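Number of protein chains: 4
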Amino acid sequence: MNALFASDNVTSACPEVMDAVIAANSGIAGSYGDDEWSLALKNRLSEIFETEVEVFLAVTGTASNALALSALAPVFGKIYCHELSHINTDECGAPELFTGGAKLIPMRSSNGRIDASDLAETIRGSGNVHVTQPSVVSVTMSCETGTVYQLDEIKAISKIAHDNKMSVHMDGARFANALVSLDVSPAEMTWKSGVDVLTLGGTKNGCLAAEAVVFFKPEMVGNFPFLHKRSGQLLSKMRFISSQLEAYLTDDVWLRNARHANAMAKILSEGLDSFANIKLAYPTQSNEVFVHLPRDVIDYLNSAGYDINEEELDGKAVRFVTAWNSEVKDINDLLDTLAQKY
Amino acid sequence: MNALFASDNVTSACPEVMDAVIAANSGIAGSYGDDEWSLALKNRLSEIFETEVEVFLAVTGTASNALALSALAPVFGKIYCHELSHINTDECGAPELFTGGAKLIPMRSSNGRIDASDLAETIRGSGNVHVTQPSVVSVTMSCETGTVYQLDEIKAISKIAHDNKMSVHMDGARFANALVSLDVSPAEMTWKSGVDVLTLGGTKNGCLAAEAVVFFKPEMVGNFPFLHKRSGQLLSKMRFISSQLEAYLTDDVWLRNARHANAMAKILSEGLDSFANIKLAYPTQSNEVFVHLPRDVIDYLNSAGYDINEEELDGKAVRFVTAWNSEVKDINDLLDTLAQKY
Amino acid sequence: MNALFASDNVTSACPEVMDAVIAANSGIAGSYGDDEWSLALKNRLSEIFETEVEVFLAVTGTASNALALSALAPVFGKIYCHELSHINTDECGAPELFTGGAKLIPMRSSNGRIDASDLAETIRGSGNVHVTQPSVVSVTMSCETGTVYQLDEIKAISKIAHDNKMSVHMDGARFANALVSLDVSPAEMTWKSGVDVLTLGGTKNGCLAAEAVVFFKPEMVGNFPFLHKRSGQLLSKMRFISSQLEAYLTDDVWLRNARHANAMAKILSEGLDSFANIKLAYPTQSNEVFVHLPRDVIDYLNSAGYDINEEELDGKAVRFVTAWNSEVKDINDLLDTLAQKY
Amino acid sequence: MNALFASDNVTSACPEVMDAVIAANSGIAGSYGDDEWSLALKNRLSEIFETEVEVFLAVTGTASNALALSALAPVFGKIYCHELSHINTDECGAPELFTGGAKLIPMRSSNGRIDASDLAETIRGSGNVHVTQPSVVSVTMSCETGTVYQLDEIKAISKIAHDNKMSVHMDGARFANALVSLDVSPAEMTWKSGVDVLTLGGTKNGCLAAEAVVFFKPEMVGNFPFLHKRSGQLLSKMRFISSQLEAYLTDDVWLRNARHANAMAKILSEGLDSFANIKLAYPTQSNEVFVHLPRDVIDYLNSAGYDINEEELDGKAVRFVTAWNSEVKDINDLLDTLAQKY
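Chains as they are written, first to last, in my numbering: chain A, 1 to 342; chain B, 1 to 342; chain C, 1 to 342; chain D, 1 to 342.
Source of the hints: derived by calculation from the structure; they are not laboratory data.
To give a feel for the contact side, a few chain C residues facing chain D, derived at Cβ under 10 Å:
id : residue
1  : A3
2  : V10
3  : S31
4  : H228
5  : K229
6  : L235
Derived pair list, reagent style DSS-like, types lysine-lysine, alpha-carbon separation capped at 30 Å:
id : chain 1 : residue 1 : chain 2 : residue 2
7  : B       : K316      : C       : K155
8  : D       : K316      : D       : K329
9  : D       : K165      : B       : K217
10 : A       : K165      : C       : K217
11 : C       : K165      : B       : K316
12 : B       : K159      : B       : K42
13 : A       : K341      : A       : K329
14 : C       : K316      : B       : K159
15 : A       : K165      : D       : K316
16 : A       : K165      : C       : K165
17 : D       : K42       : D       : K165
All figures in this text were calculated on a predicted structure; none of them were measured in a lab. All C-beta atoms, glycine included, are put in the ideal place defined by N, C-alpha and C.
Input sequences plus hints: build the corresponding full structure.
Shown next as structure tokens:
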């Protein structure tokens with residue numbers, strides 16, 4: 001219970017997803033994705049994104065991100081990303097491994113989001129044989145500070161990328177949280193805003209372990225099936241992953257889960273902000289709340305059983321994450337605990 | 001139904017494993033393996049193998065094999081394996097990716113198993129800077145021809161390896177099938193015979209997707225946790241993998257499943273062998289049966305709805321694989337179908 | 001003196017090449033190949049090969065081979081080569097490094113040369129996502145047993161490669177020796193026989209350190225300039241490499257050097273063959289002579305000051321290599337020394 | 001002539017070095033560094049650095065830097081360097097290739113040099129499996145802005161590195177220029193200040209193509225000989241590289257060359273600084289002069305035949321580089337040309 005708000009990956013899977021896994025466990029099925037669940041998922045995603053997509057599955061966000069990047073960046077490529085991005089800070093070099101050595105260029109725009117004008121100024125070296133080549137821009141939705149890009153921000157970044165013959169990757173580990181925050185369509189938030197390849201996360205928002213690499217331009221798939229297999233992410237009994245995502249994306253399960261998580265984050269954020277000496281580090285726009293807490297308050301919460309997650313962002317901040325099954329009661333308990341300190 | 005004997009990965013998960021996954025889906029739990037199921041699994045494996053082991057999980061055999069090799073081979077290393085081994089033929093270069101370019105040396109001993117004296121003759125170049133360096137021997141149990149190494153064969157290979165300062169890896173994708181075939185203990189088949197690192201498969205024998213890299217010498221773990229994370233196989237909700245293997249290894253589930261599969265293979269093998277013009281390609285020692293079939297018989301079976309799996313081994317052979325839930329009735333159906341042709 | 005016949009890389013550079021280096025050491029010149037010598041070399045090679053070529057330089061055969069392969073093989077590619085080939089046995093994994101993990105498939109045709117029908121039978125797995133993909137065939141001229149492919153053999157191999165959508169690489173570390181042995185034109189021995197990319201060696205035949213990667217189809221160059229730079233082979237003062245090869249290829253220097261080396265090998269080969277108990281391991285077709293020598297004769301020669309080079313080929317053999325400046329007197333000394341033993 | 005000040009790599013080799021190459025071209029010699037010149041060089045370097053060193057040669061700064069880093073950083077390692085450093089900006093990903101994917105962490109301290117306190121704050125994540133691991137700090141002498149670290153600055157950086165169990169690499173592409181600028185001993189500027197591995201450049205300061213990777217702690221060499229061979233930098237006729245460096249380091253050739261180049265830079269720097277509207281971008285401490293020039297002045301110089309090298313540093317700046325053979329007359333010509341504009 002103490003790790004309650006440590007991350008959205010400490011939660012269980014939601015009932016709709018679990019039921020789908022149980023249902024998929026029946027009879028024989030083709031292996032390596034040659035099964036009805038995988039086919040249904042591809043169709044579901046094409047419907048949701050309002051365009052024919054190609055889909056490849058993975059079981060971790062690290063793998064799906066690194067795989068997506070490996071489809072877009074040559075070994076001598078530059079991948080522009082925010083300094084705080086998961087691909088830059090939390091994947092222990094997986095992008096470098098999967099791409100064969102592409103270089104991540106960490107940008108330091110404010111609030112954890114890449115600024116289009118910073119990007120334009122940073123891109124350089126195209127065609128110069130001494131220099132790694134501008135290849136990809138990666139944006140995260142929602143991003144590592146819990147904020148979201150506005151559609152016109154994504155469009156501006158994509159335009160710069162495409163003008164420079166680069167591709168656009170979106171790390172959608174918390175895609176649904178950003179989507180309901182913006183209240184736009186999946187198509188609007190991705191390919192209609194210039195995103196070429198998406199890694200769509202399910203794990204944090206109600207799945208057991210399910211992530212998808214979604215290509216909006218089938219012609220960009222190229223040799224990706226070989227890269228996918230070679231990475232160790234082509235499961236033999238793929239139906240157990242496909243079925244998770246298929247249920248997750250059916251009947252708005254993913255959106256309901258995300259709306260709940262975001263609503264809980266809002267309650268928590270407002271509660272924390274009401275304390276005189278607690279300051280929000282970033283505006284709360286999805287399911288992550290970042291606050292600056294004095295050291296003694298951190299110690300107090302830890303001693304009270306909370307497993308406080310301190311992050312190195314622009315400065316230190318404490319992260320609280322809500323999930324599809326967070327309860328108001330638990331939030332109130334946390335706020336009450338804090339109130340006793342103040 | 002037509003893919004019934006195509007592979008043991010077309011089957012569902014067994015009830016004990018599925019129940020464990022359902023049970024694990026409760027409450028919050030530490031992520032990345034910091035959970036009770038992962039701890040229990042480590043203890044279970046240490047008990048089963050009669051020694052303190054270190055365990056890292058993965059979701060595909062390709063990943064677990066490639067990861068294990070990456071712990072043992074330097075980038076300029078040689079990995080001796082059989083030409084037919086899964087790491088050499090079925091992983092699309094994952095070992096090369098994960099090791100950073102180590103070279104697999106394909107050996108051509110008969111029956112799909114490395115011959116110790118062939119190995120001794122093949123090892124060369126140690127200390128010569130122009131030559132990739134002998135680093136690992138990899139043996140498969142049961143191997144790709146459905147046969148098993150005898151303990152003294154593993155010991156002989158291990159001795160040569162260790163005498164040459166190399167490590168021994170066992171690809172145990174079908175570990176349980178080999179174990180019950182030999183009727184020895186897990187310890188005897190591995191570290192007591194000189195195996196340093198094992199990839200222990202669960203997926204083919206009743207799990208959804210669960211493989212373990214087992215270190216018998218904790219001091220060989222070294223930097224492996226970073227290699228593991230970097231490969232995209234460190235799941236956030238690891239409990240859903242740990243719980244599978246924990247149930248699989250409890251109350252002899254894995255052994256019962258494997259004994260059943262092997263028994264079914266024996267029935268099928270004898271049935272096939274009783275046809276005058278069907279010839280076994282290899283003795284049936286686990287849950288895979290290989291036979292030479294005339295082209296017209298292959299066509300006939302395919303038209304009858306069987307999805308025949310032709311393999312390139314010493315020569316072409318057709319593979320039939322039984323599993324934890326194969327039924328005698330289905331085997332008889334296959335034999336009857338063949339009888340109608342002959 | 002004792003290493004006299006150990007290799008053709010123990011020799012000095014020929015005067016024409018050395019003079020060219022001295023001449024190039026004058027004034028300022030553009031760096032990284034933007035100089036008159038590099039331009040002249042490109043033109044020279046286009047003239048010699050009777051087609052417009054693209055040229056990239058390197059200082060070792062290992063680098064030039066690995067670079068050439070990196071232009072042709074994807075990370076999940078298969079490179080078919082002879083088991084004895086330099087890329088497979090003597091480059092400590094450079095091809096795997098430069099290609100990002102492509103897999104060398106060692107073939108065991110006789111005499112150190114790939115047999116076209118063996119190749120046809122060995123190619124497999126195209127389009128199968130589990131399998132590394134057939135991508136390149138690499139042939140060596142003259143090859144590691146000192147023999148040469150006939151033009152129709154190269155053509156047969158190239159046809160099979162191209163029919164399978166693969167590329168053809170020629171390791172020409174001893175290109176000139178093979179060329180004068182066959183007495184054909186450079187064009188005939190390469191692109192007219194289906195070779196796509198050549199690594200042309202100069203070092204062994206009179207240069208200080210100069211190798212060229214020659215593309216016969218400019219459209220195959222693609223991103224190679226970046227791979228070249230990234231490999232650390234784009235010299236700033238490139239004129240010192242270009243000038244070597246430019247002189248080497250001028251006024252038949254390379255051909256004269258090679259003819260001399262081959263002629264010396266022929267004298268040595270006939271001399272050795274005249275001993276009753278010395279047996280040639282392979283026919284002598286270029287500047288390498290392989291013989292089977294009893295152990296006591298090897299010891300005797302070593303004690304007489306020769307630094308005997310034992311090679312693991314089809315079986316053990318002793319290698320004697322002649323060079324552009326080998327002298328008949330030294331050959332006679334060797335034969336006399338042997339005669340005293342017999 | 002127009003590229004006169006574009007770089008120190010547009011120059012020829014100095015006579016002492018050229019004479020040594022000519023002298024080395026005599027008789028047979030052991031290959032791959034087993035020759036008298038290579039042995040003499042190792043001894044020379046041990047003498048100059050006042051400690052027993054291990055030496056490996058390369059022909060480009062890119063290769064020698066990337067090789068050195070590959071000895072120090074694991075595949076999941078972090079290499080802290082300045083954002084402007086050659087390894088980060090001018091090697092097209094060679095460090096990533098040679099290290100197998102280590103991550104360069106670009107620091108933005110002022111004047112192109114890493115600030116020790118910035119470094120201390122930036123190092124993080126040690127032992128955290130999600131995070132690439134702090135492994136190496138790389139400093140450049142003289143650095144990419146033409147300035148030099150003071151000894152106490154190097155010591156402070158080294159202390160932080162070693163306190164964090166990291167290694168210290170020095171990119172000494174312009175080692176001699178920095179050395180004479182500081183007027184300290186080679187030992188003081190390296191291992192006595194905490195440097196573990198040095199890449200010592202010869203090419204820019206009078207060699208044809210010669211760089212050395214120098215290990216001050218032989219126990220850190222480990223498997224480096226295999227990495228060296230595998231990178232394609234182990235030349236067969238190594239004497240032609242060793243002899244260059246051996247002559248370069250004899251009789252103070254390298255120091256004389258560097259002193260001349262630095263003196264010329266000082267004259268040029270003072271000349272440029274005397275113009276009212278030309279502003280030095282950095283203090284001139286070695287053989288590179290950086291100035292801010294208006295666009296029309298750049299165009300004017302280009303039209304006057306100078307090949308102006310614009311660099312992206314903290315802001316744009318124009319680089320002029322002097323060399324071992326720069327002449328006062330040429331500097332005066334440049335200044336006169338500018339004077340005509342102003």
